[in-house]
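Same order as they appear, the protein sequences are chains A and B. The numbers in the first sequence follow this note's numbering, run straight up by one, and end at 571. The numbers in the second sequence follow this note's numbering, run straight up by one, and end at 571.
Among the hints, a few may not be true.
One copy or two, it doesn't matter: identical chains are merged, so the pair holds either way.
Calculated pairs, BS3-like style, for lysine-lysine (alpha carbon to alpha carbon, straight line, at most 25 Å) [to be verified]:
# : residue 1 : residue 2
1 : K342      : K329
2 : K370      : K447
3 : K473      : K27
4 : K303      : K199
5 : K562      : K463
6 : K109      : K287
7 : K206      : K281
Hints in this document: simulated from the structure, not taken from any laboratory. Please read these numbers as outputs of a predicted model, since none were measured by experiment.
If you want the building blocks of each chain, they are given just below.
Number of protein chains: 2
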Amino acid sequence: MNKNVYNIKGLNFIPIGGCSGVGMNLYAYINNDQWILVDMGMGFDGRLGKDLIIPSPEILIKNKTKIKALFITHSHEDHIGAIPYLWPIVKCPIYAQPFAVEMIKDKLSQFDLSKEVPLIKVSFNNKIQVGDFQVEFISVAHSTPESSALAITSPEGIILHSGDWRIDDDPVLGAKTDEEKIKQYGEKGILALICDSTNVFRDIKYGSEREVRKNLIELIKERKKNRILITCFASNLARLESCYCAAKESGREFVIVGRSLKKIERVAKLSGYFSEISAFLDEKKANSLDPSKTLIVCTGSQGEVNSALSKIANGIHKTIQVQKDDLLIFSSRVIPGNEKAVLDIQNSLMEKGVNIITDLDCEIHASGHPSKEELEHLYNLAKPNILIPIHGEKVHLYKHAEIARNYGIKNIVVAKDGDVISFSANEAKIVDTLNTGAFGVDGSKLIPVNGGVYKDRESLASSGVVSICVKCAKGAIRLQEMLCVGIFDESEEVEITDIKNDVASEIKLSLDGILKGKSPDKEKLKSLIRGLTKTIFAAARGKKPTVIVHLVE
Amino acid sequence: MNKNVYNIKGLNFIPIGGCSGVGMNLYAYINNDQWILVDMGMGFDGRLGKDLIIPSPEILIKNKTKIKALFITHSHEDHIGAIPYLWPIVKCPIYAQPFAVEMIKDKLSQFDLSKEVPLIKVSFNNKIQVGDFQVEFISVAHSTPESSALAITSPEGIILHSGDWRIDDDPVLGAKTDEEKIKQYGEKGILALICDSTNVFRDIKYGSEREVRKNLIELIKERKKNRILITCFASNLARLESCYCAAKESGREFVIVGRSLKKIERVAKLSGYFSEISAFLDEKKANSLDPSKTLIVCTGSQGEVNSALSKIANGIHKTIQVQKDDLLIFSSRVIPGNEKAVLDIQNSLMEKGVNIITDLDCEIHASGHPSKEELEHLYNLAKPNILIPIHGEKVHLYKHAEIARNYGIKNIVVAKDGDVISFSANEAKIVDTLNTGAFGVDGSKLIPVNGGVYKDRESLASSGVVSICVKCAKGAIRLQEMLCVGIFDESEEVEITDIKNDVASEIKLSLDGILKGKSPDKEKLKSLIRGLTKTIFAAARGKKPTVIVHLVE
Chain A
19 MNKNVYNIKG LNFIPIGGCS GVGMNLYAYI NNDQWILVDM GMGFDGRLGK DLIIPSPEIL
79 IKNKTKIKAL FITHSHEDHI GAIPYLWPIV KCPIYAQPFA VEMIKDKLSQ FDLSKEVPLI
139 KVSFNNKIQV GDFQVEFISV AHSTPESSAL AITSPEGIIL HSGDWRIDDD PVLGAKTDEE
199 KIKQYGEKGI LALICDSTNV FRDIKYGSER EVRKNLIELI KERKKNRILI TCFASNLARL
259 ESCYCAAKES GREFVIVGRS LKKIERVAKL SGYFSEISAF LDEKKANSLD PSKTLIVCTG
319 SQGEVNSALS KIANGIHKTI QVQKDDLLIF SSRVIPGNEK AVLDIQNSLM EKGVNIITDL
379 DCEIHASGHP SKEELEHLYN LAKPNILIPI HGEKVHLYKH AEIARNYGIK NIVVAKDGDV
439 ISFSANEAKI VDTLNTGAFG VDGSKLIPVN GGVYKDRESL ASSGVVSICV KCAKGAIRLQ
499 EMLCVGIFDE SEEVEITDIK NDVASEIKLS LDGILKGKSP DKEKLKSLIR GLTKTIFAAA
559 RGKKPTVIVH LVE
Chain B
19 MNKNVYNIKG LNFIPIGGCS GVGMNLYAYI NNDQWILVDM GMGFDGRLGK DLIIPSPEIL
79 IKNKTKIKAL FITHSHEDHI GAIPYLWPIV KCPIYAQPFA VEMIKDKLSQ FDLSKEVPLI
139 KVSFNNKIQV GDFQVEFISV AHSTPESSAL AITSPEGIIL HSGDWRIDDD PVLGAKTDEE
199 KIKQYGEKGI LALICDSTNV FRDIKYGSER EVRKNLIELI KERKKNRILI TCFASNLARL
259 ESCYCAAKES GREFVIVGRS LKKIERVAKL SGYFSEISAF LDEKKANSLD PSKTLIVCTG
319 SQGEVNSALS KIANGIHKTI QVQKDDLLIF SSRVIPGNEK AVLDIQNSLM EKGVNIITDL
379 DCEIHASGHP SKEELEHLYN LAKPNILIPI HGEKVHLYKH AEIARNYGIK NIVVAKDGDV
439 ISFSANEAKI VDTLNTGAFG VDGSKLIPVN GGVYKDRESL ASSGVVSICV KCAKGAIRLQ
499 EMLCVGIFDE SEEVEITDIK NDVASEIKLS LDGILKGKSP DKEKLKSLIR GLTKTIFAAA
559 RGKKPTVIVH LVE
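The following block holds chain A by itself, in its conformation from the complex (with noise of 0.2 Å):
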């Protein structure tokens, strides 16, 4: 049997992609051979040329006729971000809150789907029968708006999905996290908790959004002078909201500048959210503005290359100039792995002489994510038979299993992409592993993330390419050409000329004799023109570049 079709009897779980890094889950729910999906997200990586990354679509391919649905807890790139590329294997419906509804729309409007996909809009309390399983959106407060954990009860027990949640009593924007409803399915007894782990390492829970909207608006009205530039999550409703409030209490026009925040103001709007707004400013109007009668919020919180700070901190930007004294927020915290990307762009503005303000500085951001506080209080809500943590990094998931079992939960399992997680009469273990990985949005091709082209990138990435035109003709084999991209500097003319004079005279000496009166075997003479030529710029450079040979007679 192949290995990715799955066929097996009661409940399982199976993390496709979440379970091996922050970023890409999708989550399949398994009972008798019905499959439910939960999330379908991308991952972020920008390596070797990759746009976004992707779960693998091996095991939806092959188990493509069982998958019923797809329950999308909440609007974020890495909860909604693949879909484009993974529906159109499934096609099955798609269960989602209005404003979740709103942004996967206008995501698949890019990809000429709008039409195709089945998007169902649902409400907190409704319950959605798909075979076997029945599933309730719960209301979590979160970064975004109408994020939901997942009751999903089957005939083997009652399944809580957290989704992306935290314990806030003042979100500004949305409901709390629904805790009588949470604490009812575990009176009637939850079997498993799958649950957010990103934010493990704090131990107290931040302050509300409240608190944040609160500190904004005192730490701006305070800068009387001088333009002021926040970032932030553009998703971040309430957040956006809050810096909205800001710039009114400050007297300072609302400026928003960067396609998400765009498309975000969009969507919203649709959604009924900012009603009372009339419209954010375009950043073009923003400019024969005085600058400290405005406030710009623009995108580019994790030091994205190509978004509107970057620009702006490159001095790029078509529109927005710094100067000495404005002075940048960021209402937001560094994803691990875009620490020197976000330090690559507080450098640039300070050397224009911008004053900068993050997190650490006051309270001016609070994460969407539990912490220990948060998730203790949780447990005690739905007190889980059994525990496995998803969405984190390794260290992430093992965290959490540390505080699980010192908070007294016996049964916990920290799986890995692929692993199939079978429960039983309140037990829950690791019955299989089948394949799955992450795979590169590259251009319009999805490419395995580690299969020969990245690997074959990374070769040229660290030492470049030689490409050899070999002349082979009447047994005599002469270079022709030598091209080379990503080795010499413009002032090493002598250096190729050398070397191209040694590669020549080595396959004249090394192969003119392996070719007299024998028809040669073009491989194997690529192949050995491949490793004298690797040879030679080892020796003169210390390096083994990436060599191609072109044979021609």
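Fit chain B to the known structure of chain A by using the hints.
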């Protein structure tokens, strides 16, 4: 005048490296055309095939006859690591403390330079006269022994060059910071303090090395079962000795693993350290011992790819294998930019069941750099007229300036690499900027970091390469062969053939006409072929690879 030849009266300071990022420390002090250098360090940047980075040799080449001496503050790589590459330009005597001299010797022996370089051992309180400059080495506490600040007396006044330093009342091994001496210079009047900025974002100073030792011993004594590994900076002899003490007090054998630890052991013994320790146990002998009776110290606390720890984490170390419930202690902190590499190692080890303790869990690391508290203490002792922050990213230098400004220092200059700072009458200002920048040590060559080679590698890394061989004869032009690296997955044979056919037809269609009756311009033809190939790839795959074209007749 060539701008990089610097010829001006009076006292000047040029950071050649060290003011545009942590690392690459290389500073010039110039008085009436007499130059002395302080430190000659490397920087860390392994991207695009760089082994390491060093400051541009250009300023040194242009002024080599004027450079009279190189003073080394201490033995860390970011202060001595560029000597093998840059000393051969200046060929001046090198003054350093005995431990640094031995470390430099060891390094030079790998470059066949041991006999050439005049290395002069100095003691604290010696005064070295070089032309108009008198230099005194002042003891400072830091994370490697015999670290120094330099009091540089010139006809224009006294400059205190801090080196890397901290205040530690019980550094365990090596001397404390000689506050009395600094105070004496302060009383004479210090014109300028040129000062370490690495740790400016910390307000309060770290505990002493003695406390770290106490905590390490306690932590290790508690764990009676299983193997314990510790990773720390190899050159921190005090920390190594602390690990040794912890091993002894807990009845474990002390084992070191990794090339740089073996080197440090050798050099330390040469310099009279560890004399009471017979010998550290080599890893080969450790494998036969009961894991619960060993304490293994290994390199790799920054997630370096070829370090012992990285190999252990990936299960490819030749002698050390970890197993469930082993413990790894990070007695270190993560240098900005290395977060993801360290996280990847932690992920791999956790997957093997290894428990991990870092300096976030308990106080098992102390930085060797000054916090705000220590900086203010130094200002108070030295009472400098001028402050120039060095050794940091821009964010560090500006934060340092803010601390100094708030303390009350009036004349502060935040400079970048290449800036010429001129001192006169208790004032300092940037009067010029020379060309500098980083060079990559790339195999056996030096390549400018901002030049074409790394730009080309960036493109290769992001989109791969197509090499095309085109035959051009009798007025007809035909594709002979198309080879691709870093573009197609193994499964894409059909796609390769399709695109090859497209390129072949397009070449025939667009270029045959151009050739009719004319003798073609080779470079123009190549450029047209590159263009049309890129267009075809962009349409088919959404990416424009690097294209190499061979024209044969």
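Verification of the supplied hints:
no. : hint           : result
1   : K342 with K329 : within (17 Å within a copy, 47 Å between copies)
2   : K370 with K447 : between (56 Å within a copy, 17 Å between copies)
3   : K473 with K27  : neither (39 Å within a copy, 55 Å between copies)
4   : K303 with K199 : neither (47 Å within a copy, 60 Å between copies)
5   : K562 with K463 : between (29 Å within a copy, 13 Å between copies)
6   : K109 with K287 : neither (28 Å within a copy, 69 Å between copies)
7   : K206 with K281 : neither (41 Å within a copy, 63 Å between copies)
When the structure is compared with the earlier hints, violations turn up for hints 3, 4, 6, 7 and for no others.
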